[in-house]
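Order-wise, the sequence lines are chains A and B.
Note that this note's numbering numbers the first sequence so that position 87 is 267, with each residue one more than the last.
Note that this note's numbering numbers the second sequence so that position 46 is 69, with each residue one more than the last.
Where hints are given, some of them may not hold.
Unchecked claim - Taking lysine-lysine and the DSS-like style, the derived pairs with C-alpha atoms no more than 30 Å apart in a straight line are:
#1 Lys190(B) x Lys88(B)
#2 Lys35(B) x Lys214(A)
#3 Lys95(B) x Lys139(B)
#4 Lys488(A) x Lys121(B)
#5 Lys35(B) x Lys451(A)
#6 Lys131(B) x Lys457(A)
#7 Lys35(B) x Lys107(B)
#8 Lys453(A) x Lys35(B)
#9 Lys107(B) x Lys182(A)
#10 Lys183(B) x Lys488(A)
#11 Lys182(A) x Lys121(B)
#12 Lys550(A) x Lys35(B)
#13 Lys35(B) x Lys212(A)
#14 Lys209(A) x Lys107(B)
#15 Lys107(B) x Lys488(A)
#16 Lys60(B) x Lys488(A)
#17 Lys488(A) x Lys230(B)
#18 Lys331(A) x Lys35(B)
#19 Lys414(A) x Lys35(B)
#20 Lys410(A) x Lys131(B)
#21 Lys230(B) x Lys182(A)
To be verified - Footprint (simulated), chain A over chain B, 3 or more residues, beta carbon under 8 Å:
#22 28-34
#23 103-115
#24 170-176
What the hints contain is simulated information worked out from the structure, not anything from laboratory work.
Since we're looking at a predicted model, the values are computed, not measured.
For glycine and all other residues, C-beta sits at the position ideal for the given N, C-alpha and C.
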Amino acid sequence: MKFELIFIYILVFFSLFNLSLMLIAILEKPFKRKPYKLNKNLPRVAIIVPAYNEEKNISSTLKNLLKLKYPKEKLEIIVVDDGSKDKTFEKAKKFEKYNVKVYRKPNGGKGSALNYGIKRTKAEFIATLDADSFPEKDSLLKMLPYFEDKKVMAVTPAMVVHKPRNFIERLQHAEYLFGIFLRKVFANINAIHVCPGPLSIYRRKFFEKHGLFDEKNLTEDMEMAMRIQKYGYKIETAVDSKVSTIAPKNFKGLLKQRERWYTGYIHNCIKHKQLFKIPQYEFLSLILIFAYLSIILTFGYLSYISFKNYQLIRDNFRALRLVGFDILGPEHINRIEIIEFLSHYFSNPFVLLGLFGLSATLLIFLIVKKETREEKVFLNTFFFIFFYSFFYSLFWLVVFFKYITRRKVKW
Amino acid sequence: MVVRERQQFGFKILLAFILTLILFLLGIFVGFYLNQKKIETIENLEKDLLVSLQDIDTLYTQINKSELCKSKKYLDYINNELDKYAIKLTYLEESLGKNHEVVIRLKKPYNVLLIKHYLLMKEMEDCEKLVIILFFYSNRPEFIGLSENEGIILGHIREKYGVDKVKVYALDVDLGLRTVESIKEQYNITSYPSLIINDKTYGYLNKEELEKIVKELLTPNLS
């Protein structure tokens, strides 16, 4: 009784602290668009599309890229087929007449494909784009102005899930929307530590000074972001530049993706452990530490909820057994009991704080919905609020288990 | 040497901390305030009930038997209010603990009111068929399991056969109330749970046993 109460107090305090931090960060630089112009002084940009067995998506991805608003002579599109076993290469070849460069190399992982592409261009800015992602027409124009700040080495867009239909996709849709807000908060306190694969733009100079992508890394995009942070540079986010990406459609696919992400996260945290030095890396260190704390607290929270529900069910079952499962009709439902229950329930400060947190979450979704012009957000938000923590802790549980037993996580 | 832009880290953390503390303390204060309100509501309920019961008590001394039966409705209404009291107490028990001094302090007048109501209800036995159950329970570790079970069964039977026909008075024997002690002595009750159903003493009864007794008492006499 005492222990669970202390745990709840810690949980509430931690959540409120996160909320306050987010509020302070977001108020400093609210969602604001950087003005852009389509003029002659635009820099050269190369979009590198690493592709492995993407015959289904490669054509539509390239078609979409050709529609990008950007001067043709300043834009290179490079497809690197990473030794696909299907018709990816043949399909991409058909776009050569539109000035798309298509290369083929033996399979070596996404990082190696990206590096292969980077070595074959002289462009000042390098955009990496997954073969299953669809940026909006003016994405580049909206993202590039952030490079005016010479310290900015990478710019990330607002990612959304491409046409979410089933439960798993909808859950991710809401997760990504929440991620957009979080990324903006992180940008304001210079704590972005992932440059998502669907689309990220890097300054070429950084690769020249500090090396190309780590070809052996499970999450090379995260490694690159952490490296940028390590050397004291900045990563920005353009909330109004929307990229939709195809997300895993079923539980198995999602689990596989998350195993890779979270294991990569652990590995990269170890690789760049100096990022945890608070005096030097300030908010970034704090965010990395909080990420681990939130996993522990989510575990604790879910066990607490499960235990409470177990007790509730056990007590109800005991009561039913005592009365021989003689269930009385609805006319016996005691009105006083319901009223008293509700008044008791809603006068619990934890319930009130929970409602406060719920409204803050809903507000965040409303803001992001407005910024991204995404539709049908309500149902997905509902899924997110009620089910996300289960999935999140389940994935982490699997990752921790595999990490401790040293099982290999594959791409 | 890595040069990162400074971000007023200390200041912002302090600000966030203060904001958190304000929200947190506000939550605790609201909780404390609401709890206080709950206790006040129970105390007010107690005063109102006492007045109502004394009102009926006085009424009894003035009217004759035939008119007495008309006040059953009023007694049922007070019964309803007593139920409210009980539920509020249960929730208070849940949040403060069964042995918290405030719970004990509020439980005492509740038990006194129950006995008062019980004595008034006994006068109604001649008016219509009633099952009047005195239920003695204890929260001591050796008795609490069966006491809770009996409570659940009594609540069920009461709902099933109608709260206006089956009257249950649950008395906590650990409060040290003189009236409870005296009834206990009168009926020779030493272990818990114990039931007095229309003046007959029983120990723990399961659902079937209790239901049988209640059914018998509620069937009209044909003789």
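Structure-based check of all given hints:
1. Of the pairs offered as hints, the one joining Lys190(B) and Lys88(B) holds, with about 21 Å between alpha carbons and a cut-off of 30 Å not exceeded.
2. Distance hint between Lys35(B) and Lys214(A) is fulfilled; the C-alpha atoms sit about 25 Å from each other, no more than 30 Å.
3. A threshold of 30 Å between alpha carbons decides the hint, and for Lys95(B) with Lys139(B) the separation of about 14 Å falls inside it, so the pair holds.
4. At roughly 19 Å between alpha-carbon atoms, Lys488(A) and Lys121(B) fall within 30 Å of each other, so this suggested pair holds.
5. As the CA atoms of Lys35(B) and Lys451(A) are separated by approximately 28 Å, the hinted pair is consistent with the 30 Å bound.
6. Restraint check: the Cα-Cα separation between Lys131(B) and Lys457(A) comes to about 59 Å, which exceeds 30 Å; the hinted pair is violated.
7. In summary, the hint linking Lys35(B) to Lys107(B) is not supported, as the alpha carbons are separated by about 49 Å, beyond the 30 Å threshold.
8. Between Lys453(A) and Lys35(B) the CA atoms are separated by roughly 24 Å; this keeps the pair inside 30 Å, and the hint holds.
9. For the hint linking Lys107(B) to Lys182(A), the alpha-carbon distance of about 29 Å falls within 30 Å, and the restraint holds.
10. The hinted pair formed by Lys183(B) and Lys488(A) meets the criterion: a straight-line CA distance of about 29 Å does not exceed 30 Å.
11. Of the pairs offered as hints, the one joining Lys182(A) and Lys121(B) holds, with about 15 Å between alpha carbons and a cut-off of 30 Å not exceeded.
12. Proposed proximity of Lys550(A) and Lys35(B) is supported: the alpha carbons are some 28 Å apart, at most 30 Å.
13. Under the criterion of a C-alpha separation no larger than 30 Å, the hint pairing Lys35(B) with Lys212(A) is consistent with the structure, at around 21 Å.
14. A C-alpha spacing of about 52 Å is found between Lys209(A) and Lys107(B), which places the hinted pair above 30 Å, so the restraint is violated.
15. Of the supplied pair hints, the one linking Lys107(B) and Lys488(A) holds, its CA atoms being roughly 25 Å apart against a limit of 30 Å.
16. Restraint check: the Cα-Cα separation between Lys60(B) and Lys488(A) comes to about 26 Å, which is no more than 30 Å; the hinted pair holds.
17. A distance of roughly 27 Å separates the Cα atoms of Lys488(A) and Lys230(B); the hinted pair therefore holds under the 30 Å criterion.
18. Straight-line distance between C-alpha atoms of Lys331(A) and Lys35(B) comes to about 22 Å, which keeps the hinted pair within the 30 Å bound.
19. Taking the CA atoms of Lys414(A) and Lys35(B), the gap is near 19 Å; set against the 30 Å cutoff, the hint holds.
20. Among the hinted pairs, Lys410(A) with Lys131(B) is inconsistent with the structure: their alpha-carbon atoms are about 67 Å apart, more than 30 Å.
21. For the hint linking Lys230(B) to Lys182(A), the alpha-carbon distance of about 36 Å lies beyond 30 Å, and the restraint is violated.
22. Counting residues of the region 28-34 of chain B whose CB falls under 8 Å from any CB of chain A gives 4; the rule of at least 3 is met.
23. Only when three residues or more bring their CB closer than 8 Å to a CB of chain A does the claim for the region 103-115 of chain B stand; here the count is 6, and the claim holds.
24. With 3 residues bearing a CB less than 8 Å from a CB of chain A, the region 170-176 of chain B meets the requirement of three and the coverage assertion stands.
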